[in-house]
Structure formats: structure tokens, C-alpha cells
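Chemist: Each chain, letter by letter, is given below.
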Amino acid sequence: MKCGGFRVSYRSDERIFDTPVPIVGLVLLLIVLAVLPRFAGTYWLDVLNRIGIAIIGAIGLNILVGYTGQISIGQAAFLAVGAYSTAIFEVNLGVPFYLAIPLGALTASGVGLIFGIPSLRLKGLYLAIATLSAHFITTYVIIHWESMTKGVIGLMVPPPTVFGLPLDSDARVFYLIYALVVPATLFAKNLFRTKVGRAFIAIRDRDVAASVMGVSLLRYKLLAFVISSFYAGLAGGLMAHHSRILFPDAFTLLVAIDYLAMIIIGGMGSILGSILGAVFMTLLPEVLKLTATSLTSVYPQGFGLIASARDIVFGLAVIFFLMYEPQGLARIWVRVRSFWQLWPYAY
Amino acid sequence: MNEHLVFMLQLVITGIAVGGVYSLMALGFVLIFKASSVVNFGPGELVLFGAYVAWATILNMKLPLYVALPLTLGVAILLGLVIERGVLRPLIGEPTISVIMVTFGFASVIRGFLNMTWGSDTRPFPVLFSQQPFHLGPVPVSPVHLWSFVGTLALLTAFTLFFRLSLTGMAMRATADNQQVALSLGVSVKWIFALSWCIATVVSTLGGIILGSVRGGVDFSLADLGLKVFPVVILGGLDSVAGAIIGGVLIGVLENLSGGYLDPILGGGVKEVAPFVALVMILMVRPYGFFGKREIERV
Numbered sequence: 001m002k003c004g005g006f007r008v009s010y011r012s013d014e015r016i017f018d019t020p021v022p023i024v025g026l027v028l029l030l031i032v033l034a035v036l037p038r039f040a041g042t043y044w045l046d047v048l049n050r051i052g053i054a055i056i057g058a059i060g061l062n063i064l065v066g067y068t069g070q071i072s073i074g075q076a077a078f079l080a081v082g083a084y085s086t087a088i089f090e091v092n093l094g095v096p097f098y099l100a101i102p103l104g105a106l107t108a109s110g111v112g113l114i115f116g117i118p119s120l121r122l123k124g125l126y127l128a129i130a131t132l133s134a135h136f137i138t139t140y141v142i143i144h145w146e147s148m149t150k151g152v153i154g155l156m157v158p159p160p161t162v163f164g165l166p167l168d169s170d171a172r173v174f175y176l177i178y179a180l181v182v183p184a185t186l187f188a189k190n191l192f193r194t195k196v197g198r199a200f201i202a203i204r205d206r207d208v209a210a211s212v213m214g215v216s217l218l219r220y221k222l223l224a225f226v227i228s229s230f231y232a233g234l235a236g237g238l239m240a241h242h243s244r245i246l247f248p249d250a251f252t253l254l255v256a257i258d259y260l261a262m263i264i265i266g267g268m269g270s271i272l273g274s275i276l277g278a279v280f281m282t283l284l285p286e287v288l289k290l291t292a293t294s295l296t297s298v299y300p301q302g303f304g305l306i307a308s309a310r311d312i313v314f315g316l317a318v319i320f321f322l323m324y325e326p327q328g329l330a331r332i333w334v335r336v337r338s339f340w341q342l343w344p345y346a347y
Numbered sequence: 348m349n350e351h352l353v354f355m356l357q358l359v360i361t362g363i364a365v366g367g368v369y370s371l372m373a374l375g376f377v378l379i380f381k382a383s384s385v386v387n388f389g390p391g392e393l394v395l396f397g398a399y400v401a402w403a404t405i406l407n408m409k410l411p412l413y414v415a416l417p418l419t420l421g422v423a424i425l426l427g428l429v430i431e432r433g434v435l436r437p438l439i440g441e442p443t444i445s446v447i448m449v450t451f452g453f454a455s456v457i458r459g460f461l462n463m464t465w466g467s468d469t470r471p472f473p474v475l476f477s478q479q480p481f482h483l484g485p486v487p488v489s490p491v492h493l494w495s496f497v498g499t500l501a502l503l504t505a506f507t508l509f510f511r512l513s514l515t516g517m518a519m520r521a522t523a524d525n526q527q528v529a530l531s532l533g534v535s536v537k538w539i540f541a542l543s544w545c546i547a548t549v550v551s552t553l554g555g556i557i558l559g560s561v562r563g564g565v566d567f568s569l570a571d572l573g574l575k576v577f578p579v580v581i582l583g584g585l586d587s588v589a590g591a592i593i594g595g596v597l598i599g600v601l602e603n604l605s606g607g608y609l610d611p612i613l614g615g616g617v618k619e620v621a622p623f624v625a626l627v628m629i630l631m632v633r634p635y636g637f638f639g640k641r642e643i644e645r646v
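The listed protein sequences derive, respectively, from chains X and H. The first sequence begins at 1 in our numbering and counts up one residue at a time. The second sequence begins at 348 in our numbering and counts up one residue at a time.
Hint data in this document are derived by calculation from the structure and do not stem from the laboratory. C-beta atoms are modelled at their ideal positions from N, C-alpha and C, and glycine is treated no differently. Don't take every hint at face value.
As the list claims (entries may be wrong) - Below, computed lysine-lysine pairings styled on DSSO-like, alpha-carbon distance capped at 27 Å:
| hint | chain 1 | residue 1 | chain 2 | residue 2 |
| --- | --- | --- | --- | --- |
| 1 | H | K640 | H | K537 |
| 2 | X | K123 | X | K195 |
| 3 | X | K123 | H | K640 |
| 4 | X | K150 | H | K618 |
| 5 | X | K189 | X | K123 |
Claimed, not checked - Pairwise CB distance ranges (calculated):
| hint | chain 1 | residue 1 | chain 2 | residue 2 | range |
| --- | --- | --- | --- | --- | --- |
| 6 | H | D566 | X | R335 | 41 to 47 Å |
| 7 | H | N407 | X | P166 | 36 to 42 Å |
| 8 | H | G615 | X | T161 | 53 to 59 Å |
| 9 | X | K189 | H | L410 | 42 to 48 Å |
| 10 | H | L512 | X | R121 | 36 to 42 Å |
| 11 | X | R335 | H | P471 | 49 to 55 Å |
What the hints assert, rightly or not - Facing chain X, from chain H, some residues (calculated, C-beta under 10 Å):
| hint | residue |
| --- | --- |
| 12 | V386 |
| 13 | V446 |
| 14 | I447 |
| 15 | N462 |
| 16 | D571 |
| 17 | I581 |
| 18 | V600 |
| 19 | L601 |
| 20 | P611 |
| 21 | L613 |
| 22 | A625 |
All chains, please: the whole structure from these sequences, using the hints.
Modeler: What follows is the structure, given as C-alpha cells:
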């Protein structure tokens, strides 16, 4: 029986899986995901697709905020840049989607590089305010650059075809999304076993100390912005294919706050936390909707209150987690797991 | 006087009037930051809350103004106490991101609460002043703008005097300057924190009432206006009361001028984004604003 983690070499310390059990679990999860579209209805497939998109976006934000400590309220802007540039590459330039999505993500990371420049001079809340204004400037450009983005009219994205099959149903988009979620997660998980990842963490813990140790702040802060916005751009490109029509309204400041809430509730500086947070934040309005629907017989006005109930529950959840579980759902998961690992002989 | 000059003066006067309200909101923001180093990312929701409560007491419950106004301010003080005691005091000493997120959190709760109680329709605001514009030289000025400017000016003067002369105001300045010294001199820092939140909610409420009567109605877009507080405080410096006041007026004038002159060229909406463009430029040149205290990091 396992009774605590004893790591005697760097190799074992860097290992992702301590025991074979989680590997089996992950393989099972992948199999379940592969067959899921056959059984899930359109509604739940739509929810699952949005969860997948949110996972990629949240991992990206966690790399920047949770691991590198650079507070950014600009995630919605990166998403928007990714979504719109993917759509424009496809619609206006006729680039096939398998190139358009990476190109869109690259465009987003280019914008991320520009967003990141203030981080060389500004820290903490000043950086937060700088990214906030970058968000407003980006949204302004998207709304008013009508020749490219169609502004508030909305930009249509026709479904691309893969091997003769149009990606027009939720089930088909599901495979596209999760085919990117898995490598994105693996990449992020492995990133923090490398020199680059450790440099990010050093910058978060104390940037002056990190630069004294020889970590180039210029290079790594900008790299964190680039990687993070690449993820966001990827998520945006998937959003374009998932919703097939883009409005600037889908990328408000509230979306950026939602993503920050995902990594707070899930767990800062944890890949698992990003996933759990994305699942939590996407399911929250759905659960409220279902509750309201089941209560309509008792309380008919309930349905109109969903939007406000969502705001209240969302705010309270953020406050609750910050006060009582600052390391988020990932920490709860670790606690539950170690309880059962040590049970019944917990020390 | 030629037409151009009148147009410009009109923009400047409207800008000063709106900027006065920004100054009020920025004053609340700066007070909180000075006293407790908390950055409030929900200033818009505080303004919204004030405007809605004022609407509810004046128009919905039809209370006379001399009852409604103190009642509204009382509710605002209560809100300030709840936020400070319930949400921010437990988070003293936590990292910046936690404090930022918790202010987003309670802002969201306030928005949801307002939406649930009163719905999201636009509410007509009581018409407190006559609509007839009068002429200041050749420039037409609407009385609402004039009165809001006079009101803001009076409030700002009152607060400046309060900080300069009263014992409590001095205690607040002492706390902002150095918490430990203030504690050793017998200032109750906890009370100062609570007080700074109360003042912030009160000035935001007053700002909400003024904005409501300037626009003739309240709806949820008021909350977006609250975010204009960031350009103001960055311009003036996060911890400078004088900077907040000057910055508010400057940003108000800037957004009106850029809106008036650039909207026809760029196709609308410049007013909303110009303050943020200014913000980025100021951050690049003078990260700590024009009146703020420079942070020096020593290793």
C-alpha cells in the first residue's frame, strides 16, 4: 500500500504519474470520450463542446496567471482575435481549416506578444489594468473594422469539410475539439517539466530573484504571453467552428472574468485545476437552467431569473473559493484522493 | 465667436461635467487603495447600485427627496460595511490576483441582485432640473450638466476639507501613509478600512444619482461607465486624491473631445475607447501616474 510520496531522484520527482492507476483511468476516459457522441444528445454534446473549448482557454490562462504570475484580464480579447482571424483566413482567404486554426492561434499569439510588452515594466494590478484596456481596444477594433469582421452584424463561418464530411453537427465538431484538447493538455503538463516551465514558476515566485538567477525576464514573460494567447487563439478558432457565427458580443469583459474565475475555482498553477474549473464554470449555468426548468411548476417566474441567479452564484462561488479553498477544486481533489489512498490508516 | 469654437467649448463643458462624476468615482477608488491597498474592480457596480436604490426610493416607493436621499446613502453605507467586513477583511495579505477576483466576485453578486430585484429594463430617472438650456456666452449649457458640476465640486471640496481638517480624515491619511505608525498612535486601522469603503460606496452612489439624472435614466450600461475610473486613476496616480480629481476632469474632457472630433472619421464609439488608449500611453510613459507615489523595489 502506498503511504506518502517518497521521491529519491529528480526523475521520480518530475514524473507525471506516480502509479499506473491514473494512466488506466485516463485511457478509459479517452475511450469514453471517443464513443460519447454516439450516446449523448445534441444538448449535452453542445455543453461538452463548450467545456472542451473552455478547457483549452483556461489552461492557456493558467499558464500565464497561475504559473507565471502575470495577471491578465485580456483573455476574451485573445479568444476574439483567434476566432475572428481563423474565420477570416477561412472565409476571405480560403485557407483550409486545418491551417486556419493554427494560423488564427498564431495571430492571437502575435497580439499576445504586444499585450505582453507592458509586463516588462508593470506588475500586479498595473498589468491587470493595462490588459483591461488592451481588451477594450481590441474589442473596439473588432466592432468597428467592419470590412473584415462584419462588426455587430456577425461573421458567418461555413462548416469545413474533412474527407468529404462537412463538420456541421455537434458530434463532428466534438471530435475536432477534443482532438485538440488532448494534445493541448499534454503539452501544458509537460511544459512544466522543462526549463521554460521552471523559469515561469521562478518568475511567479519572485521575479527579481529569478532574474538574479539568470532567467531572462524579457524572454520568458513574453513567451508566457505568447503561449497563453496561442491557447486562447486555439480556443477561439474552435469557437468559430462550434458556433459558426461570430458576434463581438461573445467576447465581452465578462468572458475574461469567467476565464479568471475558472482558474481561481479550479486551482491556480494546476493543469487539472484548469480542467475542473472549465467544467465547473460551463456546467454552472446549465445546472441552474435545469433546476429552474424543474421548478417551473412550483415557481413559474423562475426561468426569467436564471441570468441573475447565475451572476449571484458565480460571484458567491468565487468569493467562497478565495476565502476557504484558495487552491481550488484541484486541492479538494488531492485531499479526497489522499484520503482514500491512506484509508483506513490515515496519519 | 465662430461655430468651431462654440462646438469645442460645448464638448469641453460636457466633458468637465461628466469628468466631475469620474472624479467622484475615482475618489472612492483612491480612498480604498490608499487605506487598504485593495484595487476595486467593481466600481461600476457600486455606481449602478446607488443609481438603482435612488430610483427605487424616489420613483418606485415615491418617498419625498429629503427622506429618499438619506435612505439611499444609508443603504450605501450598509453595502460598504458588508463588503469590507464580509469579503475583504478575510483576504488581507492575500496575493493581488485574489483581491482583484474577489472584487469581481462581489460586483457580480451586486449585478445579479439588482437584476433579480428590479429587472434589467431601463428605468426613467426623476427629472430634478429643468430641460431648458441656458447660455453661457454663446455656448448653450444644460442645467443638469451645470448642477452636476456644482454638486461634484461641492462634494469634492467637502471631502478635501474633511481630509485636511477633521481628526478622522487625518487618521485616514495617517493610515494610508504608514499603517504601523498609525496603529501605534492609536488609530483603529480596521475602522479606517471600514470607513474608507463606506465613503467609497457613498461617493459612488452620489455619482450614480448624478449620472442617472444627466442621462435621464439608469440601466446596466452605467456599470461599464464605472470602468472609466481606471484611466482616471492611472492618469492621476492610484494613491493621489488630488490626482483623482484632476484626472477625472481631464479624462472627461478628453473623451468628449475625441468623441466629437474623431467619431465622424472613425465611425462612432471613439468616446468609449479613447480613455483606454490614453491609459496605455500613460502607463508606458509614467507607470505611476502624474501624482502617484513611485514604488521602488530594493533587493
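Chemist: None of the hints should be skipped; say for each whether it holds.
Modeler: Hint-by-hint comparison with the structure:
no. : hint                        : result
1   : H/K640 x H/K537             : holds, 23 Å
2   : X/K123 x X/K195             : holds, 23 Å
3   : X/K123 x H/K640             : holds, 15 Å
4   : X/K150 x H/K618             : holds, 21 Å
5   : X/K189 x X/K123             : holds, 26 Å
6   : H/D566 x X/R335: 41 to 47 Å : holds, 44 Å
7   : H/N407 x X/P166: 36 to 42 Å : violated, 53 Å
8   : H/G615 x X/T161: 53 to 59 Å : violated, 38 Å
9   : X/K189 x H/L410: 42 to 48 Å : violated, 60 Å
10  : H/L512 x X/R121: 36 to 42 Å : holds, 38 Å
11  : X/R335 x H/P471: 49 to 55 Å : holds, 53 Å
12  : V386                        : holds, 5 Å
13  : V446                        : holds, 8 Å
14  : I447                        : holds, 6 Å
15  : N462                        : holds, 4 Å
16  : D571                        : holds, 8 Å
17  : I581                        : holds, 6 Å
18  : V600                        : violated, 19 Å
19  : L601                        : violated, 14 Å
20  : P611                        : violated, 13 Å
21  : L613                        : holds, 7 Å
22  : A625                        : holds, 9 Å
Of the numbered hints stated above, those contradicted by the structure are hints 7, 8, 9, 18, 19, 20, listed in ascending order.
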